[in-house]
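Student: In case you want the letters, here they are:
Number of protein chains: 4
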Amino acid sequence: MNSFGQLFRVTIFGESHGESVGICVDGCPAGLPLNLEDFLPDLERRKGGTQKGTTPRKEDDLPIFKSGLFHQKSTGAPITIIFENNNTRSADYEKQRSVPRPGHADFVAHAKYGGFEDFRGGGHFSGRLTVALVAAGVIAKKLLKDIRVTASITEIGGEADPEKGLQKAIEAKDSVGGIVECRVSGLPVGLGEPFFDSVESLLSHAVFSIPAVRGIEFGTGFAAAKMFGLQHNDAIEDAAGKTRTNHAGGVVGGITNGNELVFRIAVKPTSSTPREQSTYSWESGLVEPFSVKGRHDLCIALRVPVVLEAVTALVLTDLLMREQHIKRVY
Amino acid sequence: MNSFGQLFRVTIFGESHGESVGICVDGCPAGLPLNLEDFLPDLERRKGGTQKGTTPRKEDDLPIFKSGLFHQKSTGAPITIIFENNNTRSADYEKQRSVPRPGHADFVAHAKYGGFEDFRGGGHFSGRLTVALVAAGVIAKKLLKDIRVTASITEIGGEADPEKGLQKAIEAKDSVGGIVECRVSGLPVGLGEPFFDSVESLLSHAVFSIPAVRGIEFGTGFAAAKMFGLQHNDAIEDAAGKTRTNHAGGVVGGITNGNELVFRIAVKPTSSTPREQSTYSWESGLVEPFSVKGRHDLCIALRVPVVLEAVTALVLTDLLMREQHIKRVY
Amino acid sequence: MNSFGQLFRVTIFGESHGESVGICVDGCPAGLPLNLEDFLPDLERRKGGTQKGTTPRKEDDLPIFKSGLFHQKSTGAPITIIFENNNTRSADYEKQRSVPRPGHADFVAHAKYGGFEDFRGGGHFSGRLTVALVAAGVIAKKLLKDIRVTASITEIGGEADPEKGLQKAIEAKDSVGGIVECRVSGLPVGLGEPFFDSVESLLSHAVFSIPAVRGIEFGTGFAAAKMFGLQHNDAIEDAAGKTRTNHAGGVVGGITNGNELVFRIAVKPTSSTPREQSTYSWESGLVEPFSVKGRHDLCIALRVPVVLEAVTALVLTDLLMREQHIKRVY
Amino acid sequence: MNSFGQLFRVTIFGESHGESVGICVDGCPAGLPLNLEDFLPDLERRKGGTQKGTTPRKEDDLPIFKSGLFHQKSTGAPITIIFENNNTRSADYEKQRSVPRPGHADFVAHAKYGGFEDFRGGGHFSGRLTVALVAAGVIAKKLLKDIRVTASITEIGGEADPEKGLQKAIEAKDSVGGIVECRVSGLPVGLGEPFFDSVESLLSHAVFSIPAVRGIEFGTGFAAAKMFGLQHNDAIEDAAGKTRTNHAGGVVGGITNGNELVFRIAVKPTSSTPREQSTYSWESGLVEPFSVKGRHDLCIALRVPVVLEAVTALVLTDLLMREQHIKRVY
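Chains as they are written, first to last, in the numbering used here: chain P, 1 to 330; chain Y, 1 to 330; chain D, 1 to 330; chain H, 1 to 330.
Honestly, I wouldn't trust all of these hints.
Since the list gives no way to pick one copy over another, a pair counts as held whenever it fits inside one copy or between any two copies.
To be verified - When the alpha-carbon atoms are kept at most 25 angstroms apart in a straight line, the in silico DMTMM-like pairs for lysine to aspartate or glutamate are as follows:
1. 242 / 283
2. 145 / 323
3. 168 / 323
4. 242 / 288
5. 242 / 276
6. 293 / 237
7. 242 / 44
8. 47 / 37
9. 142 / 19
10. 142 / 276
11. 293 / 238
12. 73 / 84
13. 242 / 163
14. 47 / 171
15. 73 / 283
Rather than coming from a laboratory, the hints here were simulated on the basis of the structure. If you're wondering where the values come from, they're calculated on a predicted model, not measured in any experiment.
Take these sequences, add in the hints, and give me the full structure.
Tutor: Dropping the structure here:
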């Protein structure tokens, strides 16, 4: 449900236009220094800032620490972080209530929760919740120390040059999708727990909780399906497990092999497109033309890298704890 | 670790060349009729039989029921099923011990378990364990009743015609990868549990426990990253949620929307290729030429569909139970 | 760790003298009406109010709803409730830092968290956190509808009349322990999940998270150890499972049998006694006389009943959901 | 359900008169030597042997290892151990089907599983399953090394001298209950995970899965409810946390404090008493006289100590792993 992780476990809550969104981080070892400043860079990256194609709502996104810190260090007790929702214009959404927006969770949420769901801005399904993931990711990254998690855009709208892909979207007056790649260096050999908690299993589990993700592939990924065995196999070159190539993307048999961890995710185009669409109306019972109000990101993929880093860091921290690479006391 | 599922939970165990492989299925409602005959068709499909490109070892693969059945019906207690390993030639593997085979888990298992792992034939990492998944899948499929889970090969070695792809491998005297697609019809709207237990999260978690899987995509998947929003959005056409197109593959916001569930996985080429490779030797400390002994599947993807159906059925059964669509008493 | 429950799951956080204490309730079905007024009676009961022997700190104990409610009804998303800590005088505790108080968690917390724990007023180990349990219990009780959970004091300081026991403590200028009994009527037959999730297992698990609890017994409990079989066995009298006696306390084989659920817990005397004690000092390295500052409850057992009801309601709600007695939509 | 533990996790299965009972132990570090001889002493203790008052059925109770061992050492993969049921006389039970035996799970199992349960000899609810717990306990005890877990009878039928209590039962031609005490020496300070996974919470959870247990108390336990604070508090005497008295039984704030862990459990009289009882008959719809067939233990408590040691060892191993006192490689 809304919790994830075994020894390092997060519980997420909140809605786009409710009181707040937040996260409770359980299992953080005591003694980790945590200041407001640690959180700001990643929170800023998530906003997309002045980046073309992102138009975040104007939220301060200041983390409010409700538990688990003492003298600006973790105490070993759960750390709860809340972000208040201030810049919400719910009235816009009350009007749109009659139409389940295509690509959004409106229809399924309504069916699942019998109409009691907070539908404003996607409610609990909103990308707004990723701000909480990013905050938890900051803690995880600090625990990872020399292990570096880096995600970046590799493709927008089919173009390797993101600016080009974005330009296409602007010209088409439409939203557009993209590819984000994540690389992790410095991992020890041996992370991942057979049979069901392989590195790929846990990472994909976490990754698909990020809204708009439609696919994930490790190493060579889908291209591996077209390859011969001799091409794909990575010859091991030394006692530390260094391989000549890295088609495996750093994971063999579900376990890290000491080479760089590499995986990519596909992000669909923002469901809220500026173009007119048509969809069923609960009010009229007919399929009707429909336009999304307000400003929205043309390309949600642009804001995904820091979120992807966060969930990756959460998973790796948990796996490192299970393998006892992270000690209880910092 | 070796358990998966919340209300319908499996625990898998065993090794390729140990005593047995098996699975314990917990949470099956009482009263489900289960006969040996229910298991044979899927177990046979997994063997690959006379299919070109698969050369399974000669195992009977007869499930032995150790608990949970009474008068050939489930009792509500855990159902344990064991498959004995008879056709094992461990001597072959003792010889190969000095070389961590490229693409296999030999190297990571050795590092993780300090040399105490059962290395014969991949041990606990072996594809042999999928026979236990298939058995559990048979139980899940019976619980799913009118919900149909069907997986099939859509591509081998880059060819839409599997025979052609396989022929390429035979000519190249090499192994080859493939794509398997899974479709599920008859699902109700509303399966999947925010925030972390989305349908994609749970399916991908289970799917990546199948050896050799390197990627997964839902609906349009990676192609969605190249699309515009208007193209990708599925217009809703009626009160039941039927959509004009199905780019979402039946899942929106992590929740089933009542349309066909569609996803694809990438399977890498069999790591044991007939071609000579080179790899590091623990014995000599050098990179040396290396050849795999014995007969192996040219294309492991050919045996994956029934395994993919099994893990898909496990996940969906669990989600249906969480949503109370499957009652306790059959 | 700080989460408990399977389908109805709570995550607790906070410290006695930190920002706040709170709880996140996951799995509450959508559509449950929840108003501030629903919470006040139980929160008031926990304070002990004007009761002799309890001297709660002056907190408003007003629940602040941070997520999961919309139009004063549950939405199906996690409900987060926070209580702010206003009436804290941490300075008192800074002084006492050099002495691990007997009976308190000071010593073990220091060892476990390397000195980084928030030690003020017991920190995360404080009875203060039970205010959050009570709030979650209010939600659970509403879901239980006609199932009535009632806990009451049956003994203080060895006296069946609580007033007498309390009077003894006042005269002795010492704190004192007590017994609390919980009774639940209206339960269906069949709750509890073999082998490890028996009703007694889950209730005792939850109950021992309440600070100061030292024992639990079901039905006749410890007295059963002195009985003969014929005496103890409850003869079944009708098809509904009504028994002539109820030595089993409503649970047989770990499963509810439809009779009243009855269990008792032992609560130790408040560790903070007005009497002078002696204990080891980290500062001097010597055993020294020691007195607790401030006002404390003479008998913490007096405030336990409503907390016991709360954890009991949490467990039963979860078990009812597992058996599908509570539907998703209210 | 039928799994317990986080990092060291067991899954139990089987029925009294089915094919077998067994257990799957997941999370055992690789490299632990395990021979048949390691298991025999505890398995023998559980049988009760020639002890007056126990009349176990004649089973060899030989563990059959189905997975997880290689060259008589653990491999890191799950260890599955099975005990076959040979000495079963099911015909006896088919006759008794019409009567839900008082004190047994017959009635609740029938209600819960709709009549599909394996009712023979208690089926999945039978004390027979404790043989599997004992086997898992042997593994846990080996991992605990210098930490000694010892349980013993302290009272039978209200008599401190077990022989006396048993004699009373023999004279009364009735079954009788008893008290078992468990002591653990050598534990480090700091085991137990706030808020919900206190040492008492996890131990009681596990302990109440043992059939016939009706109560548990730690340290002074229920007697603490009659004490004053000054009496009950254990004065700390040195930097290691040694206390003058041990009323806490080695657990303060849910965390081990380095002193001996002490707790007691109440075991009810064997439900199958030689005396004639009366109970409802499903067949006649009337309350009728009823006699238990066959030979049964007069005092089931006599066989509990080794089972109590086993579940205690399981819990402590898991907690030690969470605190990283047990390393992955032996």
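Student: Evaluate each hint against the coordinates.
Tutor: For each hint, the structure was consulted:
no.	hint	result
1	242 / 283	between (61 angstroms within a copy, 17 angstroms between copies)
2	145 / 323	both (16 angstroms within a copy, 20 angstroms between copies)
3	168 / 323	neither (46 angstroms within a copy, 42 angstroms between copies)
4	242 / 288	between (58 angstroms within a copy, 15 angstroms between copies)
5	242 / 276	between (52 angstroms within a copy, 20 angstroms between copies)
6	293 / 237	between (57 angstroms within a copy, 21 angstroms between copies)
7	242 / 44	neither (36 angstroms within a copy, 39 angstroms between copies)
8	47 / 37	within (16 angstroms within a copy, 39 angstroms between copies)
9	142 / 19	between (29 angstroms within a copy, 23 angstroms between copies)
10	142 / 276	neither (45 angstroms within a copy, 44 angstroms between copies)
11	293 / 238	between (58 angstroms within a copy, 23 angstroms between copies)
12	73 / 84	both (23 angstroms within a copy, 20 angstroms between copies)
13	242 / 163	neither (35 angstroms within a copy, 36 angstroms between copies)
14	47 / 171	within (23 angstroms within a copy, 53 angstroms between copies)
15	73 / 283	between (53 angstroms within a copy, 23 angstroms between copies)
Hint compliance for this structure: hints 3, 7, 10 and 13 are broken, all remaining hints hold.
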